[in-house]
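Please build the complete structure, drawing on both the sequences and the hints.
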Amino acid sequence: MPQPSEDLVIASADLDQEMTLLDILDHVLNAGVVIRGSLVISLAGVDLVFLGLDVVLTSVETAMRHMRLPNVSPSEASSKGSPR
Amino acid sequence: MAVLAYCITETQPEIAVPHAGVRGTTIETVRIDDLQCLTSQFDPQDVVGNASIQEAALDFNRVLQDLLRQTAIIPFRFPTILTDETALSQFLTEHQAEYREALLRLHNCVQMEIQLKMQTSTQPQATSPKSGAEYLRGRQAQHQYIESIVARFREAAQHLAKGWRHHETVAGIRCFALVDRSDVQAFLRQMKGVSVPTESEPRVTGPWPASEFLKEQ
Numbered sequence: 001m002p003q004p005s006e007d008l009v010i011a012s013a014d015l016d017q018e019m020t021l022l023d024i025l026d027h028v029l030n031a032g033v034v035i036r037g038s039l040v041i042s043l044a045g046v047d048l049v050f051l052g053l054d055v056v057l058t059s060v061e062t063a064m065r066h067m068r069l070p071n072v073s074p075s076e077a078s079s080k081g082s083p084r
Numbered sequence: 001m002a003v004l005a006y007c008i009t010e011t012q013p014e015i016a017v018p019h020a021g022v023r024g025t026t027i028e029t030v031r032i033d034d035l036q037c038l039t040s041q042f043d044p045q046d047v048v049g050n051a052s053i054q055e056a057a058l059d060f061n062r063v064l065q066d067l068l069r070q071t072a073i074i075p076f077r078f079p080t081i082l083t084d085e086t087a088l089s090q091f092l093t094e095h096q097a098e099y100r101e102a103l104l105r106l107h108n109c110v111q112m113e114i115q116l117k118m119q120t121s122t123q124p125q126a127t128s129p130k131s132g133a134e135y136l137r138g139r140q141a142q143h144q145y146i147e148s149i150v151a152r153f154r155e156a157a158q159h160l161a162k163g164w165r166h167h168e169t170v171a172g173i174r175c176f177a178l179v180d181r182s183d184v185q186a187f188l189r190q191m192k193g194v195s196v197p198t199e200s201e202p203r204v205t206g207p208w209p210a211s212e213f214l215k216e217q
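Same order as they appear, the protein sequences are chains A and G.
Per the numbering used here, residue 1 is the first one in the first sequence, and the count goes up by one each step.
Per the numbering used here, residue 1 is the first one in the second sequence, and the count goes up by one each step.
None of these hints come from the bench; they were simulated from the model.
Predicted model, so just to flag it, every value in this text is computed and none were measured.
Just so you know, nobody snuck in bad clues.
One side of the interface only, derived from the structure: several residues of chain G facing chain A at Cβ under 7 Å:
| # | residue |
| --- | --- |
| 1 | 75 |
| 2 | 76 |
| 3 | 77 |
| 4 | 80 |
| 5 | 211 |
No residue lacks a Cβ here, since even glycine has one placed at the ideal position from N, Cα and C.
Have a look at this one:
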């Protein structure tokens, strides 16, 4: 049976209650404008680091979304300038 | 040198630019008419290894939260790295109309998020289905169950939320409410009063930049 949500967890900067690391990482990695394509840095050596950041930091959910699009190139999978 | 893009804001009202960005770098602005993008120089070689990456992500969030407290922002996903400021100017010029519209629409608003976990034990018909039809009926019941919980939050938020979106994820469901800055405390109080199954581990976080509402539905 539904219960009054006394167990509701509130993580709000407005209440001086710190958000968890997971909350923060989830938002900075998964929310916001995405730029893909020729504008993204593609200098020798930097690509690897950028790829590393993507792989290390992406959430499971995002990774699974990408896994569902195995034949789609990055520029097709994420249109230039599209938000989350 | 490469630049890391943080977010886009309007140039007016003037904002206090945070003193330091990721790894203590100086934050600069790239302006296109009445829009500006905050950036800092970025050397990817400085951010190698999980601890450094995590630290950089937290620095990035600190900058966004600092700016969000002052004005509406359109954040870039971390890490968005461009070859130089010229590339960023080109991007801003191409997309300025849509970002100007979004900032105008989202002016003075923030995004609050409600996460609900949907574990098997909380779902009706948790037993293994014996047929395809039974599986589909189970899925339908599960969907209705989730929707009924979401509806409780939505109803509680209806007088405060200027916008509402929700979608299912592998872990449960995520709801996003667009709330006026001045209504954040009232929104949190309203959410406290919602009755939900404790197993769903309801969690409210925010305020965040209104990323889910950048485009009108």
